[in-house]
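J.: One letter stands for each residue in the lines below.
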Amino acid sequence: MTLRRPIYLDYNATNPVDPRVAEAMIPYLTEHFGNPASRNHAFGWEAREAVELAREQVADLIGATAREVVFTSGATESNNLAIKGVARFNEEKGKHIITVATEHKAVLDSVHALERDGWEATVLGVQPDGRLDLDVLRAAIRPDTTLVSVMFANNEIGVIQPIREIGAICRERGVFFHCDAVQGLGRVPFHVDDMNVDLVSISGHKMYGPKGIGALYVRRARPRVRLQAEIDGGGHERGMRSGTLATHQIVGLGKAAALAKADLTNGEVERVRALRDRLWDGLRARLDELYLNGSWEHRLPNNLNVSFAYVEGEAMMMGIKDIACSSGSACTSASLEPSYVLRALGVDAELAHTSLRFGLGRFTTAEEIDFAIDLIANKAAFLREMSPLYEMVKEGIDLKSIQWEAH
Amino acid sequence: MAYSQKVIDHFENPQNMGSLDKADPSVGTGLVGAPACGDVMKLQLKINDNGIIEDAKFKTMGCGSAIASSSLVTTMVKGKSIDEAELIKNAEIAAELALPPVKIHCSVLAEDAIKAAIADFRKKQAARSAETSA
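Going line by line, the protein sequences match chains A and B.
When you line the first sequence up against this note's numbering, it's residues 1 to 407, in that order.
When you line the second sequence up against this note's numbering, it's residues 1001 to 1134, in that order.
Since the hints were made in silico from the structure, they are not lab data.
Where is the CB? At the ideal position from N, CA and C, for every residue including glycine.
Take the hints with a grain of salt, since some may be wrong.
No farther apart than 25 Å at their CA atoms in a straight line, the calculated lysine to any residue pairs in the SDA-like style are these [said to hold, decoys possible]: (1) A:K400 to B:K1089; (2) A:K394 to B:S1019; (3) A:K394 to B:K1078; (4) A:K321 to B:D1021; (5) B:K1078 to A:E391; (6) B:K1115 to A:I397; (7) B:K1057 to A:A246; (8) B:K1089 to A:W404; (9) B:K1022 to A:K321; (10) B:K1046 to A:E385; (11) B:K1057 to A:G235.
Computed from the model, here is a short list of chain A residues facing chain B with C-beta under 7 Å [unchecked claim]: (12) G239; (13) M240; (14) Y291.
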C-alpha cells in the first residue's frame, strides 16, 4: 500500500476534519443556513435546534450542562475571554492572576495584556518533568488573587498537569480556576466536577473538528462564574459572546466532541498510545543519545517530544521531509528563540535546538510509524556523521569544557 | 521554510563532508559557533607549501542553510591561496544560496570559519618556525 506523503505526525498542531464531522456540517452551509437567532421561521428554528444539540454534545464531553457552554471562534478566543473576562469582572475583589510558564501564548499574552492594565501576575515555573509543584502554587495564592490558569496538557511536550489537585486548592482558597483543556480532550478523561474546574477552553481543530470554532465552559454553580464579555453586540451566548452563531461550525464542533468522547472508551486511546510507544521504542533501538522532554508517566498518549543530541532540529526536519512534524529549535521559530516550553523545563539550549515533536492521531497507522522510524533513524545517523559535536563526543571530548566563541 | 534549490542540493549532497588530520602541520582547523546557539561549524583546510588550499573538509551541526553555507565554502576555497580565501565575504555565500534575511547569519558563520581555519594554520606555522629557528 502506498503511504500518502508527507506522513502527518503533527496532530498536536492541528487535525484533519473527520469525514463524519464534515458530513454533518455540510447541510448547514447551503440547505439549513438560517440564523439560529431568527425566532420566527423554520430556517431559524432548524439552525437553533442543531446548535443546541451540538451544545449538549460539547457539554457531555466534559460533564457540564449545556447552559454552561459558550461558543467562540476557537480556544485562543476562549482563553482571552476566560482570563480577561473573569479578571475584569472581579476587579474589585483583587487584581492578581497566577499562571504557569509553559502555558500557550493565548494564555500568557492575555495575562501580559492585563498587566499592562494594572494587574499583577505571577508566572510559576515547572519542575524538570514539566509538572507544576502544588506547594509552589499554594504559596503563590494571595488574598487578592482572583484567577489561576493552568493547562490540562501541554501542546509541545504533552505533559499532563495535576488539574484535580490544583482545582481543589483553588476551591479551598476561593479563587477561580481556568483550564485550557485543548490538547487533552478526547485523549484523557476530563470531567469538570471531578477536576474542580470553573472555566475550560475547548478547540475544534484539535479534536478533528474544523478550525475557527471553539468553546468556553463557564461554571454556573458552586461557584457561579461571571465574566465581562470581550465582544459586544447582540448579546448572544447569554451576553458572554456576541455574534451570529456559525451553525455549520458549531455542528462540526458538536459532532467532533461526540466522537472524541467515544474515543475514550472505544480503544482508540490505547491504539494511539501503542503506536506512540512503538515509535519511541523503535527510535531508541536504532539511535543513542536520545532524550525525552517532559514526564513520561504524565503524558498525552499521542505525544513524543525528543531531543536528538548533536543534530539540529530544522536540519532533521529537512532530512525527514516525508514526515510532517515540528521542532523546538530556534531556527524553526520566527523569533529565532528556542522553545520557551523546553527552556522552562530547564532543558539546555543545546538540547532544545535538537528537539522534535511528534503528535500521532486517529488516522496514524503502524505502517506509517515503521516508515517514520526508518527514515528518522537514517537521517539522524547521516546528520550525526556530519556533526562536529558528535565527532568530538565520540573522541571522548567533554563539550562543556570547550570555550565556544559566540557570534 | 521554503529553501532554495541550491540549499537543498548541498543538504542532500554535501560537498567535502568529513575530516582531515588535525595533527597534520599543513592543516588549519576552524571551529566556530556554539551548541547553545544551535550552530557549530568545523572547517579544515589543507594548505600546501605555496600557500594554496589543496583540500577542504567541513562538519556542521546546524540548519539546512548552515550546512549548505559550509558545504559551499569548501568548494569556494579549494585551489585558492589563503590570502584569496580570506577575502571571501558572507554576502557572496548568501547570494549564491539565495539565503533569506533570517538565515544570513549562517553565511556569516561560514565566513568566520574560513578565517578561523586560516588563523589556526598561521599559528601552527609560526610555532613551527619558532621551533626550527630555536
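J.: Hints first: check each against the structure and report whether it holds.
T.: Results of checking the hints against the structure:
1. A:K400 to B:K1089: violated (31 Å)
2. A:K394 to B:S1019: Judged against 25 Å, a Cα distance of about 14 Å means the pair holds.
3. A:K394 to B:K1078: violated (28 Å)
4. A:K321 to B:D1021: Given pair K321 (chain A), D1021 (chain B) is violated - Cα atoms ~34 Å apart, limit 25 Å.
5. B:K1078 to A:E391: holds (24 Å)
6. B:K1115 to A:I397: Holds: K1115 (chain B) and I397 (chain A) sit about 24 Å apart, inside 25 Å.
7. B:K1057 to A:A246: violated (60 Å)
8. B:K1089 to A:W404: holds (22 Å)
9. B:K1022 to A:K321: violated (34 Å)
10. B:K1046 to A:E385: holds (21 Å)
11. B:K1057 to A:G235: violated (68 Å)
12. G239: With a closest approach of 44 Å, the G239 (chain A) hint is violated.
13. M240: violated (40 Å)
14. Y291: violated (14 Å)
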